[in-house]
Amino acid sequence: MPQFRVEDCIELLFHNLVALEQCRYPYEFYITDYVVVLDFLINTNKCVDALIQNDVLVNWLGDIDSVTNVYNGVWKNITHLNFSSHYIHLCLDLNAFCSLCILCA
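In the numbering used here, the protein residues as written are 1 to 105.
These are calculated hints, taken from the structure and not from any lab test.
Computed from a predicted structure; not experimentally measured.
Every residue gets a Cβ at the ideal spot worked out from N, C-alpha and C, and that includes glycine.
Among the hints, erroneous ones may be present.
[To be verified] Estimated spans, in silico, between C-beta atoms of each pair: (1) I52 x L13: 14 to 22 Å; (2) L61 x Y27: 30 to 38 Å; (3) D93 x Q3: 14 to 22 Å.
Produce the entire structure from the sequences given, and follow the hints as far as they go.
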């Protein structure tokens, strides 16, 4: 998973990119699926902390609560009907791994 920088405008950026993708490319959901995967991964501050420690996220907001709130709020008002089945297995595997991980427990 590519490293991602979390900064002030990230929620607006995600909403705009998802809207563009859904309007312009209605059968390609790369950005939307990425947002869904992040939503599966980020549920609590411990999840965010684990992703930061493993260099998946770079926190430019300073506060871990803010990062958690951004990702938990990014999915609001977005309709996505065709989540790729390829990512379902990835999400399940990542959640299973994370449940075993000391950082997430």
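A quick look at each hint next to the structure:
1. I52 x L13: 14 to 22 Å: Holds: the Cβ-Cβ distance is about 19 Å, inside 14 to 22 Å.
2. L61 x Y27: 30 to 38 Å: holds (34 Å)
3. D93 x Q3: 14 to 22 Å: holds (20 Å)
Of the numbered hints listed earlier, not one is contradicted by the structure.
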